[in-house]
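For reference, the chains in residue letters:
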Amino acid sequence: MGASSGALGHYLMDHFTLEDGGGLLPALRSARREPVGRPAGYIVPKYVNADARFRDKNFLRGYYLAGDSQQELYGHAFGLRGFGRALRRQVSREIPYRFGIYAQGECLPRYENYVKLDPGKTDAWGVPVLHISASYGENEHAMARAMHTRLSEILAAVKVEEMQAPSEKLSLFGKNIHECGTARMGDDPKKSVVNRFNQVHDAKTVLVTDGACFVTQGCYEPTLTIMAVTVRAAEHLADEYRRGNL
Amino acid sequence: MDAEDLSRRVWLLRLGGGALLAGCSGIDLGAADGAKLPPGLYEPSIDHLAHVLRPAAKDVKPSVPLFFDAAEYRQLQALVARMLGEDPRTPPVPEITAWIDLTVYDAAEVRRAARSLSAEHRALAVGFYGEAAVQELETRDVQEICRAGLARLNGEPSVSLESLEAKGDVFIAWLRHRAIEGFYTSEAGLKELDYKGHSFYNVSPGCDR
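Protein chains in written order, with my numbering: chain A, 965 to 1210; chain B, 6 to 214.
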């Protein structure tokens, strides 16, 4: 069902990230615990290729930057020498502030990235398991190079100590658990799996309302968009039912 | 305690305590022990709640060593106490020692599981954690490191921890890491850090819309 276009299962996407960038903020080293142990998260929204001033012709689409900073709880204890009460006093009195940063980039939809039912393997309940074939392409690798440069520039500008360089390696496909695509939305039943109201072209009473319907995924987390298309699909379904069209 | 001081743990305790008092939780405090999951894994939610509530139970029994024999266990407990500057019999040293014993007990099974990964799962693990971390899980014999380390220390009882650390003693480095981890995740350690847990504003300051 839904396979008539040949698109079912294809155009799988998942965001990729460059992680692990960070270091200590020397100006904030403290001997006092902050009154509330609140982590501070931040996000720098996508601006590359979203604004003519920040055009990068080496890749399509873009990425955002994000991270957090907080007083280290006790992780620095592992790097300190010594034992006993003296060590514990040092852990409590020399509290470093850690700054972390990463970037998350958009994955382009490519036909070559797909899922299908494995012809041979089944799970514990006898259901065929998914066979997943996916990798990042030239565009993602080009974007990752730009992301790495920008992350390194920021860390240098912040002047962190004990800097941990951001990874140059793209995160594993699927690691970010933002899988989208495989039942793409479109008006043309020959090129897409569901229509604009998430109804499968081949069976209008079957709706696919998760991230599978995404044609592109942007660089942000997909949940709110999934909720929005689901609400729209449900409202349309209710309207159609009231009109007697189902 | 005002609303801002209410940590997630305190909320959980109150929620769980209320549910138990009401007699409607269905929570079996022994369930965590009986869970048939691989070593180191817990069922989410219920097991964690049971674990959090467990210290409140009055009939907590002293730990029975799982891996070390009685003499080794006493030696281990004394070492942990020295590393932390605490009395071996006073909390949190006994509970940290029990946790280390459990970790070492589980180590062989964890290593066996790591070695039996399929090629695809191993590649996935390397993708997540890196080759060095996966190799360490596959090859590092923590049980042997501990047994040999304790036996070696038996032969030189007056040796200082500092000199062993300076020499890069593998057992001392491993145990120091576990003792620090155990202490700063114990009630006493968190209190010493003045850690109040994650908490959040109900309304963001300066943002009235």
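No lab work stands behind these hints, which were simulated from the structure alone. A quick note: this is a predicted structure, and the numbers were derived from the prediction, not measured. One or more hints might be untrue.
With a straight-line Cα cutoff of 20 Å, these simulated EDC-like cross-link-like pairs (lysine to aspartate or glutamate) come out [what the hints assert, rightly or not]:
(1) B:K201 x A:D984
(2) A:K1133 x B:E125
(3) B:K201 x A:D1032
(4) B:K196 x A:D984
(5) A:K1133 x A:D984
(6) A:K1139 x B:D146
(7) B:K196 x A:D1087
(8) B:K196 x A:E1036
(9) A:K1080 x B:E125
(10) B:K201 x A:E1185
(11) A:K1133 x B:E136
Results for each hint:
In summary, the hint linking K201 of chain B to D984 of chain A is not supported, as the alpha carbons are separated by about 26 Å, beyond the 20 Å threshold. At roughly 19 Å between alpha-carbon atoms, K1133 of chain A and E125 of chain B fall within 20 Å of each other, so this suggested pair holds. About 18 Å separates the Cα atoms of K201 of chain B and D1032 of chain A, which keeps this hinted pair within 20 Å; it holds. A C-alpha spacing of about 29 Å is found between K196 of chain B and D984 of chain A, which places the hinted pair above 20 Å, so the restraint is violated.
Only pairs whose Cα atoms come within 20 Å are accepted, and K1133 of chain A paired with D984 of chain A is accepted, the gap being roughly 11 Å. For the suggested pair K1139 of chain A and D146 of chain B, the alpha carbons sit about 29 Å apart, so the restraint of at most 20 Å is broken. As the CA atoms of K196 of chain B and D1087 of chain A are separated by approximately 46 Å, the hinted pair breaks the 20 Å bound. For the proposed pair K196 of chain B and E1036 of chain A, the alpha carbon gap of about 15 Å is at most 20 Å, so the pair holds.
Restraint check: the Cα-Cα separation between K1080 of chain A and E125 of chain B comes to about 17 Å, which is no more than 20 Å; the hinted pair holds. Among the hinted pairs, K201 of chain B with E1185 of chain A is inconsistent with the structure: their alpha-carbon atoms are about 30 Å apart, more than 20 Å. Taking the CA atoms of K1133 of chain A and E136 of chain B, the gap is near 13 Å; set against the 20 Å cutoff, the hint holds.
In summary, the structure is inconsistent with hints 1, 4, 6, 7, 10 from the numbered list given earlier, while agreeing with the others.
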